[in-house]
Amino acid sequence: AGHERAIALTLLRAFELSLTTVSKRWDIHPEMELSQAPGAHEFRYAVYAHAGPWHRADVFAEAERLTLPLQPAQAGPHPGDLPKRHSFLAIEPAGLVLSALKQSEDGSALIVRLFNPTDKRIDGIVRCFTRIRSAELVSLEELPLRQLSPKGRTVPLRVERKKIVTLRLRLR
19 AGHERAIALT
29 LLRAFELSLT
39 TVSKRWDIHP
49 EMELSQAPGA
59 HEFRYAVYAH
69 AGPWHRADVF
79 AEAERLTLPL
89 QPAQAGPHPG
99 DLPKRHSFLA
109 IEPAGLVLSA
119 LKQSEDGSAL
129 IVRLFNPTDK
139 RIDGIVRCFT
149 RIRSAELVSL
159 EELPLRQLSP
169 KGRTVPLRVE
179 RKKIVTLRLR
189 LR
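Using the working numbering, read the sequence shown as starting at 19 and increasing by one per residue.
Don't take every hint at face value.
No more than 30 Å apart at the CA atoms, straight line, and that leaves these computed lysine-lysine pairs for DSS-like [as the list claims (entries may be wrong)]: (1) 181 <-> 169; (2) 42 <-> 102; (3) 120 <-> 180; (4) 138 <-> 120; (5) 120 <-> 42; (6) 169 <-> 180; (7) 181 <-> 120; (8) 120 <-> 102; (9) 138 <-> 102; (10) 169 <-> 138; (11) 102 <-> 180.
Label pairs and their calculated CB-CB ranges [unchecked claim]: (12) 23 <-> 97: 26 to 34 Å; (13) 66 <-> 105: 36 to 44 Å; (14) 100 <-> 70: 23 to 31 Å; (15) 87 <-> 165: 47 to 55 Å.
FYI, nobody ran anything at the bench for these hints, they're computed from the structure. Each residue gets a CB set at the ideal place from its N, CA and C atoms; glycine is no exception.
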């Protein structure tokens, strides 16, 4: 293992806070004590060896398994009409990464935020557990940008490289 196979890992970056208000003059602010991040720190990391580029090796899924482990919950028997296996939301292909799922700020819809971390455009779909009545692309502030055309329980979408998209879905 030579120098070209070394791994450098930065666990903590701390620096003295200095600001410039006039060109070429920096003011140091030692009174900003917490800029050095004092105290005890705990870190958890993993090394995931893989062949080929990171986006083909499903590195995001591995990172999510580490940072967002599945947490089981148990419920007692109760009536219901859902099947034993049921997905609320599915996103295809795996290259699209879910970053937020929430109720819209006005309470009338579901917000689904995705991003494409790759260097190529991804054509994908979002599939819901029920029929999608309407779908639109919205800004991060949930302001309308463009109507989309849902097809039953799915909505096709195109996500350009390195882009974030936010969907507002009105269901049933």
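Structure-inconsistent hints, enumerated in ascending order:
2, 5, 9, 11, 12, 13, 14 and 15
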